[in-house]
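Here are the chains, one letter per residue:
Protein chains: 2
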Amino acid sequence: MRNTPKEWTLIDKIRHRVQRPNEHTVVPLGDDAFVFKNFPGYSVICQDMMVENVHFRLDYCSAEDLGYKALAVNLSDVSAMGARPHFVQVSLALPKKLTESWLDDFYKSMAQLADNTQCEIVGGDLTFSEDKLIIDVSVHGSCEKPLTRKGACVGDLLLSSGPLGLSYIGLLALQKNQPGFLAAKMKHRRPTPRLDLVPDLLERRFEVHAMMDCSDGLINDGLRMLPADAGLVLFKENLPLHADTLEWARLHHQDATDFVLWGGEDYELLIAISPDLYGHFSKWHLVGQFTEEKGVFLSDKHSKKEISEFKGWKHF
Amino acid sequence: MRNTPKEWTLIDKIRHRVQRPNEHTVVPLGDDAFVFKNFPGYSVICQDMMVENVHFRLDYCSAEDLGYKALAVNLSDVSAMGARPHFVQVSLALPKKLTESWLDDFYKSMAQLADNTQCEIVGGDLTFSEDKLIIDVSVHGSCEKPLTRKGACVGDLLLSSGPLGLSYIGLLALQKNQPGFLAAKMKHRRPTPRLDLVPDLLERRFEVHAMMDCSDGLINDGLRMLPADAGLVLFKENLPLHADTLEWARLHHQDATDFVLWGGEDYELLIAISPDLYGHFSKWHLVGQFTEEKGVFLSDKHSKKEISEFKGWKHF
Numbered sequence: 032m033r034n035t036p037k038e039w040t041l042i043d044k045i046r047h048r049v050q051r052p053n054e055h056t057v058v059p060l061g062d063d064a065f066v067f068k069n070f071p072g073y074s075v076i077c078q079d080m081m082v083e084n085v086h087f088r089l090d091y092c093s094a095e096d097l098g099y100k101a102l103a104v105n106l107s108d109v110s111a112m113g114a115r116p117h118f119v120q121v122s123l124a125l126p127k128k129l130t131e132s133w134l135d136d137f138y139k140s141m142a143q144l145a146d147n148t149q150c151e152i153v154g155g156d157l158t159f160s161e162d163k164l165i166i167d168v169s170v171h172g173s174c175e176k177p178l179t180r181k182g183a184c185v186g187d188l189l190l191s192s193g194p195l196g197l198s199y200i201g202l203l204a205l206q207k208n209q210p211g212f213l214a215a216k217m218k219h220r221r222p223t224p225r226l227d228l229v230p231d232l233l234e235r236r237f238e239v240h241a242m243m244d245c246s247d248g249l250i251n252d253g254l255r256m257l258p259a260d261a262g263l264v265l266f267k268e269n270l271p272l273h274a275d276t277l278e279w280a281r282l283h284h285q286d287a288t289d290f291v292l293w294g295g296e297d298y299e300l301l302i303a304i305s306p307d308l309y310g311h312f313s314k315w316h317l318v319g320q321f322t323e324e325k326g327v328f329l330s331d332k333h334s335k336k337e338i339s340e341f342k343g344w345k346h347f
Numbered sequence: 032m033r034n035t036p037k038e039w040t041l042i043d044k045i046r047h048r049v050q051r052p053n054e055h056t057v058v059p060l061g062d063d064a065f066v067f068k069n070f071p072g073y074s075v076i077c078q079d080m081m082v083e084n085v086h087f088r089l090d091y092c093s094a095e096d097l098g099y100k101a102l103a104v105n106l107s108d109v110s111a112m113g114a115r116p117h118f119v120q121v122s123l124a125l126p127k128k129l130t131e132s133w134l135d136d137f138y139k140s141m142a143q144l145a146d147n148t149q150c151e152i153v154g155g156d157l158t159f160s161e162d163k164l165i166i167d168v169s170v171h172g173s174c175e176k177p178l179t180r181k182g183a184c185v186g187d188l189l190l191s192s193g194p195l196g197l198s199y200i201g202l203l204a205l206q207k208n209q210p211g212f213l214a215a216k217m218k219h220r221r222p223t224p225r226l227d228l229v230p231d232l233l234e235r236r237f238e239v240h241a242m243m244d245c246s247d248g249l250i251n252d253g254l255r256m257l258p259a260d261a262g263l264v265l266f267k268e269n270l271p272l273h274a275d276t277l278e279w280a281r282l283h284h285q286d287a288t289d290f291v292l293w294g295g296e297d298y299e300l301l302i303a304i305s306p307d308l309y310g311h312f313s314k315w316h317l318v319g320q321f322t323e324e325k326g327v328f329l330s331d332k333h334s335k336k337e338i339s340e341f342k343g344w345k346h347f
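Chains E and V, in that order, give the protein sequences.
FYI, in my numbering the residues of the first sequence are 32 to 347.
FYI, in my numbering the residues of the second sequence are 32 to 347.
No wet-lab data here; the hints were simulated from the structure.
Just to be clear, a hint being listed does not mean it is correct.
Which copy is meant is left open, because identical chains are indistinguishable; a pair holds if it fits in one copy or across any two.
What the hints assert, rightly or not - Each computed DSS-like pair below joins lysine-lysine, with the alpha-carbon atoms no more than 30 Å apart:
#1 Lys-207 x Lys-37
#2 Lys-176 x Lys-68
#3 Lys-181 x Lys-44
#4 Lys-37 x Lys-336
#5 Lys-44 x Lys-128
#6 Lys-325 x Lys-44
#7 Lys-127 x Lys-336
#8 Lys-176 x Lys-314
#9 Lys-139 x Lys-314
#10 Lys-332 x Lys-314
#11 Lys-127 x Lys-207
#12 Lys-176 x Lys-44
#13 Lys-207 x Lys-181
#14 Lys-181 x Lys-127
#15 Lys-68 x Lys-207
#16 Lys-207 x Lys-44
#17 Lys-139 x Lys-37
#18 Lys-37 x Lys-181
Here the structure is a predicted model, which is why all the values come from computation and not from measurement.
Please model the entire structure based on the sequences and the hints provided.
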């Protein structure tokens with residue numbers, strides 16, 4: 032779309048902030064489109080949008096947080112395919128309340144994460160909005176063999192790469208302006224995309240039957256990996272609970288398990304593997320198992336309870 | 032970002048509406064990311080955002096118009112590199128005032144344009160917004176040899192593939208709810224990306240020194256193609272004026288030339304070629320020439336006037 036002269040000036044400044052030399056670049060940022068030499072293997076693309084007052088509020092998310100997170104959630108999708116990110120496009124609808132220095136902090140933070148993950152911001156759009164900030168990021172990556180959500184078998188174990196439910200505790204603490212809960216707040220504002228796990232997962236790619244990133248809570252995402260005509264048992268005593276989650280649950284007389292089951296935005300990876308290979312994944316957290324019996328169950332050593340009511344974002 | 036259960040249901044419906052079989056697809060829509068086999072040549076990516084009440088209003092743009100246009104403006108960027116589009120990602124922040132049937136019309140229209148231009152909608156995001164509609168589209172294409180904005184020489188002619196200023200007349204007629212001006216309104220709501228010209232331009236790729244699409248008016252975009260230390264003369268009597276533009280200028284006692292110079296969103300292609308090859312481009316409109324004399328001039332057979340005040344979007 033047409034840009035205003037003020038947008039042009041800002042775009043020029045941003046270009047200098049983000050542009051990096053790259054041997055794959057054929058036509059750099061600043062033309063009608065960005066052109067690059069393909070990477071070996073397949074191309075991987077994803078795109079994820081964040082809307083003010085829907086996904087975040089500006090009172091508890093800084094420019095740096097948002098620049099980081101808008102890219103991180105896409106990098107998480109790239110990691111969840113067993114892929115590597117290369118190029119990033121960012122579209123911003125910028126309300127007048129945000130200053131040029133806010134914008135500079137936003138791009139500085141995003142460019143830093145891009146640098147740290149060996150990718151580059153190469154395009155996108157900058158426009159004004161009447162009142163709300165909207166951020167939409169797309170990432171182009173590549174992979175040799177995609178690891179998909181489909182492929183889990185009955186009997187497979189479900190593993191998580193890290194604590195679940197923690198980001199939701201961070202969100203609550205931020206929204207209620209509650210002191211402490213620093214790890215939870217960090218998890219919510221600056222989730223780490225698990226690109227660090229990709230090299231090892233690719234070496235074990237014939238052992239990983241299915242993979243995805245966990246952004247909608249363990250139950251909602253676990254169900255997306257369910258084999259046909261199968262069920263899922265979650266191991267209550269094994270669920271990866273962070274100390275902040277336990278502390279929050281204790282203070283508010285809530286069940287910490289609920290946060291793991293229904294809380295979202297942890298951006299940890301979930302994988303399904305054959306039980307006899309569990310020894311190869313000892314750093315992962317065993318959270319469940321796919322079963323012949325249909326339904327979703329929460330089990331501990333005393334009982335197995337069916338979960339029949341499915342909840343989403345609005346649960347808490 | 033995390034989606035709500037209502038968003039999941041809508042996403043499933045959209046998936047059925049847009050998904051097409053494709054021999055390049057490795058992992059289809061519905062996983063963490065879309066994975067595809069690369070096309071020969073280089074990859075081309077672009078991304079363009081449209082914001083309600085900044086780029087369009089819902090009282091004069093239907094769901095079908097917006098589904099069409101949000102893709103068309105990106106396809107225009109792809110065509111401006113001499114490239115072909117393959118895959119489309121669409122992010123929508125959808126206000127509650129818009130119905131599911133609105134959304135269905137939006138995707139139906141976008142999918143139709145995608146079908147007509149041999150590309151496929153393969154991903155993106157759907158989220159809610161408090162009040163305004165935001166649309167952000169990215170396109171992945173490929174090309175053998177990119178045709179860039181840079182490369183024009185002093186002496187080169189500047190040509191346009193079609194009428195300029197017409198879209199802006201359409202915008203004014205729509206905003207003022209003025210009857211008639213159907214071609215102008217169509218140009219504004221449903222601009223044709225000039226992918227039709229790409230095959231011929233690729234055959235003549237060694238004759239085309241520079242190319243871009245005209246979205247910010249002839250002067251602003253002509254300046255982007257300017258060789259170093261050069262100027263631009265625009266030929267007033269030659270400017271491609273549509274009958275609707277002439278009629279609007281007559282009715283409102285305005286200079287039709289101004290609309291060509293400063294009006295945007297025509298999405299015609301501009302190319303720079305050597306004057307001795309003009310015969311090869313007889314279907315194009317000759318609009319100007321790059322000169323040794325610096326500055327931007329408007330000339331006719333009687334005079335040559337320097338344009339010293341530069342205007343953008345807010346000109347009219």
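Evaluated hints:
{"no.": "1", "hint": "Lys-207 x Lys-37", "verdict": "between (37 Å within a copy, 26 Å between copies)"}
{"no.": "2", "hint": "Lys-176 x Lys-68", "verdict": "both (19 Å within a copy, 11 Å between copies)"}
{"no.": "3", "hint": "Lys-181 x Lys-44", "verdict": "between (43 Å within a copy, 20 Å between copies)"}
{"no.": "4", "hint": "Lys-37 x Lys-336", "verdict": "between (59 Å within a copy, 26 Å between copies)"}
{"no.": "5", "hint": "Lys-44 x Lys-128", "verdict": "within (19 Å within a copy, 37 Å between copies)"}
{"no.": "6", "hint": "Lys-325 x Lys-44", "verdict": "between (56 Å within a copy, 25 Å between copies)"}
{"no.": "7", "hint": "Lys-127 x Lys-336", "verdict": "neither (52 Å within a copy, 37 Å between copies)"}
{"no.": "8", "hint": "Lys-176 x Lys-314", "verdict": "within (23 Å within a copy, 47 Å between copies)"}
{"no.": "9", "hint": "Lys-139 x Lys-314", "verdict": "neither (33 Å within a copy, 46 Å between copies)"}
{"no.": "10", "hint": "Lys-332 x Lys-314", "verdict": "within (23 Å within a copy, 79 Å between copies)"}
{"no.": "11", "hint": "Lys-127 x Lys-207", "verdict": "both (26 Å within a copy, 26 Å between copies)"}
{"no.": "12", "hint": "Lys-176 x Lys-44", "verdict": "between (38 Å within a copy, 28 Å between copies)"}
{"no.": "13", "hint": "Lys-207 x Lys-181", "verdict": "neither (38 Å within a copy, 53 Å between copies)"}
{"no.": "14", "hint": "Lys-181 x Lys-127", "verdict": "neither (44 Å within a copy, 33 Å between copies)"}
{"no.": "15", "hint": "Lys-68 x Lys-207", "verdict": "neither (48 Å within a copy, 47 Å between copies)"}
{"no.": "16", "hint": "Lys-207 x Lys-44", "verdict": "neither (36 Å within a copy, 36 Å between copies)"}
{"no.": "17", "hint": "Lys-139 x Lys-37", "verdict": "within (20 Å within a copy, 35 Å between copies)"}
{"no.": "18", "hint": "Lys-37 x Lys-181", "verdict": "between (47 Å within a copy, 23 Å between copies)"}
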